[in-house]
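*Asks:* Now for the letters of each chain:
Number of protein chains: 2
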Amino acid sequence: MPASKKIQESMEKSSFIRKMFEEGHARKAKYGAENVFDFSLGNPNLEPPAKFKEVLMGLINDPDPGQHAYMPNAGYLETRSAVAAYLSKHNRESFAPDDIVMTVGAGGALNVILKTLLDPGDEVIIPAPYFVEYNFYLDNHQGVPRVVGTGPDFSLDLDAIGEAITAKTKALLINTPNNPTGKVYSEKKLEMLAQLLTDRSRKLGRPIYLISDEPYRKIVYDGLNVPSIFDAYRESFVVTSFSKDLSLPGERIGYAALNPEISDKEELRAGMVLCNRILGYVNAPALMQRSVSVLLEESVDVSQYQKKRDMLWEGLVACGYECRKPEGAFYLFPKSPIEDDVAFVAGLQEENILTVPGSGFYGPGHIRIAYCVDDRTIENSLPGFERVIKSLS
Amino acid sequence: MPASKKIQESMEKSSFIRKMFEEGHARKAKYGAENVFDFSLGNPNLEPPAKFKEVLMGLINDPDPGQHAYMPNAGYLETRSAVAAYLSKHNRESFAPDDIVMTVGAGGALNVILKTLLDPGDEVIIPAPYFVEYNFYLDNHQGVPRVVGTGPDFSLDLDAIGEAITAKTKALLINTPNNPTGKVYSEKKLEMLAQLLTDRSRKLGRPIYLISDEPYRKIVYDGLNVPSIFDAYRESFVVTSFSKDLSLPGERIGYAALNPEISDKEELRAGMVLCNRILGYVNAPALMQRSVSVLLEESVDVSQYQKKRDMLWEGLVACGYECRKPEGAFYLFPKSPIEDDVAFVAGLQEENILTVPGSGFYGPGHIRIAYCVDDRTIENSLPGFERVIKSLS
Chain R
4 MPASKKIQES MEKSSFIRKM FEEGHARKAK YGAENVFDFS LGNPNLEPPA
54 KFKEVLMGLI NDPDPGQHAY MPNAGYLETR SAVAAYLSKH NRESFAPDDI
104 VMTVGAGGAL NVILKTLLDP GDEVIIPAPY FVEYNFYLDN HQGVPRVVGT
154 GPDFSLDLDA IGEAITAKTK ALLINTPNNP TGKVYSEKKL EMLAQLLTDR
204 SRKLGRPIYL ISDEPYRKIV YDGLNVPSIF DAYRESFVVT SFSKDLSLPG
254 ERIGYAALNP EISDKEELRA GMVLCNRILG YVNAPALMQR SVSVLLEESV
304 DVSQYQKKRD MLWEGLVACG YECRKPEGAF YLFPKSPIED DVAFVAGLQE
354 ENILTVPGSG FYGPGHIRIA YCVDDRTIEN SLPGFERVIK SLS
Chain U
4 MPASKKIQES MEKSSFIRKM FEEGHARKAK YGAENVFDFS LGNPNLEPPA
54 KFKEVLMGLI NDPDPGQHAY MPNAGYLETR SAVAAYLSKH NRESFAPDDI
104 VMTVGAGGAL NVILKTLLDP GDEVIIPAPY FVEYNFYLDN HQGVPRVVGT
154 GPDFSLDLDA IGEAITAKTK ALLINTPNNP TGKVYSEKKL EMLAQLLTDR
204 SRKLGRPIYL ISDEPYRKIV YDGLNVPSIF DAYRESFVVT SFSKDLSLPG
254 ERIGYAALNP EISDKEELRA GMVLCNRILG YVNAPALMQR SVSVLLEESV
304 DVSQYQKKRD MLWEGLVACG YECRKPEGAF YLFPKSPIED DVAFVAGLQE
354 ENILTVPGSG FYGPGHIRIA YCVDDRTIEN SLPGFERVIK SLS
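Those protein sequence lines, which keep their order, are chains R and U. Under the working numbering, think of the first position of the first sequence as 4, with each following residue one higher. Under the working numbering, think of the first position of the second sequence as 4, with each following residue one higher.
The hints are simulated quantities; they were obtained by calculation from the structure and are not laboratory data. Be aware that a few hints might be false.
Note that identical chains are pooled: a pair holds if it fits in a single copy or bridges any two copies.
EDC-like mimics (lysine to aspartate or glutamate), calculated; alpha carbons at most 16 Å apart, straight line [said to hold, decoys possible]:
#1 8 to 125
#2 310 to 225
#3 9 to 270
#4 31 to 354
#5 56 to 301
#6 268 to 166
#7 9 to 125
Here chain R stands alone, though its shape is the one from the complex:
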């Protein structure tokens, strides 16, 4: 037993999902990749915007001396200035470069903040369903998740959050637009949440932080705007990446932003920069920092994702699936027609349709369908979706 106990346990726990992935791979090998409908991964199928290539070419053709060297652990001043200007434009607050730490994706940003904040045993409240990678991120820093439910439309349940707050609560971690539900939290709900957190922080005599994970902020539909966490609540952090809006998930580029008004900002900021270093990230990849500096207003063509959402949602609803129409991200999270979502996912697999059970997201009785795939995959999968639900009724 050479690996640590914790890692052995994690590997055992995830062995089921690994087995599913292996089954998916085996099916692709057997039936041909084009005959397997893989909705299991949030790996965007759209290429980065054309301007990305242009910017990258410019940087490589006409390099600055030392443009691949170390820079300060927080990232280039130029990049942080550009992000600060961007956030100042899109929120009511005025951001300075020191309010930004460039990171190895949003995953890096979350780990940097959690390591900065958490003493062993500190609790972080997370509304379910959620991206279960958060459990690992908390555990990396000996934090403890306190999972709370959400409303029937996946909106925040403030009573549940209020009940979950204890003397150990350090933060609430939300994800809007949400993976796996596609839910975007409304301005009104965020204001009520802020009121709750402000009250309870006062009672505790220290802030309860709000950490918002927002890599899908630009992936929203029907003209919606994602309300600002910063505007709603002072003791807040936002983390994001360019993985979804610029389709660069493999490049590991993102950032953490502190609310300009957050209490003890100097200490938090210094802690985050230290953590970026000592967690072994050291800094966000240099060339990507330089690239995104001038691409902050860019994004992939979101109308393509909207078209995919509509096509899949309409198709599923038409053949009897019960499914909320999500406001953002690129997932549908329909109810499983049978209680056992794992069994249902296995049934879909027989039709060469690969999805993920909702219980993998603390959302049992649902399945997650990642529709960041080409239109044909969606179109051709619909008969299979229909056959499986029909066979059950």
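Use these hints to put chain U onto chain R, whose structure you have.
*Replies:* Frame of chain R; chain U shown alone:
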């Protein structure tokens, strides 16, 4: 006190070094950067080899679909195959792609291995002087450093290592060529070390692992070859990056390699891939993985570093410094002419010469001089080095 206790302590401890950096910055602002001789950072001054630009241009001009998307957490098969072929050529063992995990630099690789191996309280033996970031990396995973001394020429002290082995010892962590000493461990010493570890592993009934951090493997002088850890000891990991040999430290690209003969390889490998994911790295940056695949035999012009080493070493020895001539890396680690290395570093600072006290590397009574700077900086700093040592005698 919003940050965790641990992070607050770490910030206090490192506040001295921060103060020194700030003093250095203040001096640059006051006297002009060209009049301050900054030897404090291991940030290579040579640009990446010309072929790097060529490769990058090719990748961007003629992109593969999805070349910035997620790939398996271990990295591209093509990249891991290329690294495996490279290692098979330069070691006696035969490596497979699955023996390699591509990582966010060597810092990422070390954290991936340590998280895979360490249960809370497990000990890792580290010969001093050493790169103190290792302490943070161990602490990230609740490991405990057991620091042992080295010989007068910084060679491994096998008696000290033997005495430090306890029932809690999980691994020995070495760094060859060494930062800060430039020492390269000899083949003979590594064989003796392997014998010791094999004996003691047998007594413990489980392997004591050897982890070798080798980002400076190609930065060696006078035709030296760095002996292979893999050839010496079966229960071994090597981590490295392209930060020094390709001058890409800001791009955060490196890898961890398992000895093809290591016990329980499947479990260790699966643990490492999981840890690469759950530590928030997710994967090594995509474009850099593709780039280094075809640059494995490349390096910067090492003769330029050799010239710098010789110029600085000769200059310092000529004016009375006691200093071993290092075989590799780009640091000199001379004795401080006074016992208090911190005071000596402060004295050099008065001459606008920025160095780091050896006590920051568990090597008190020495200073570290990073000579990966331009030749003029070395040349122009020598009178200052001379004035300071003369003023003390």
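*Asks:* All the hints need checking, so say for each whether the structure fits it.
*Replies:* Okay, the hints, checked on the actual structure:
1. Only between protomers do residue 8 and residue 125 lie at most 16 Å apart by alpha-carbon distance; the minimum there is 12 Å, versus 22 Å within a single protomer.
2. In the homo-oligomer, the alpha carbons of residue 310 and residue 225 lie at most 16 Å apart inside one protomer (11 Å), although the nearest pairing across protomers, at 63 Å, exceeds that limit.
3. Proximity of residue 9 and residue 270 under a CA criterion of 16 Å is satisfied inter-copy only: 13 Å between copies versus 31 Å inside one chain copy.
4. Taking the shortest Cα distances, residue 31 and residue 354 sit within 16 Å of each other inside one copy (12 Å), while across copies they are farther apart (67 Å).
5. For the homomeric pair residue 56 and residue 301, the shortest alpha-carbon distance inside one copy (12 Å) is at most 16 Å, but the shortest distance between copies (26 Å) is not.
6. In the homo-oligomer, the alpha carbons of residue 268 and residue 166 never lie at most 16 Å apart, since the shortest distance is 28 Å inside one protomer and 46 Å across protomers.
7. With identical chains, the CA atoms of residue 9 and residue 125 are at most 16 Å apart between copies only, with a shortest distance of 13 Å across copies and 19 Å within one.
Hint check: a violation occurs at hint 6 only; the rest are consistent with the structure.
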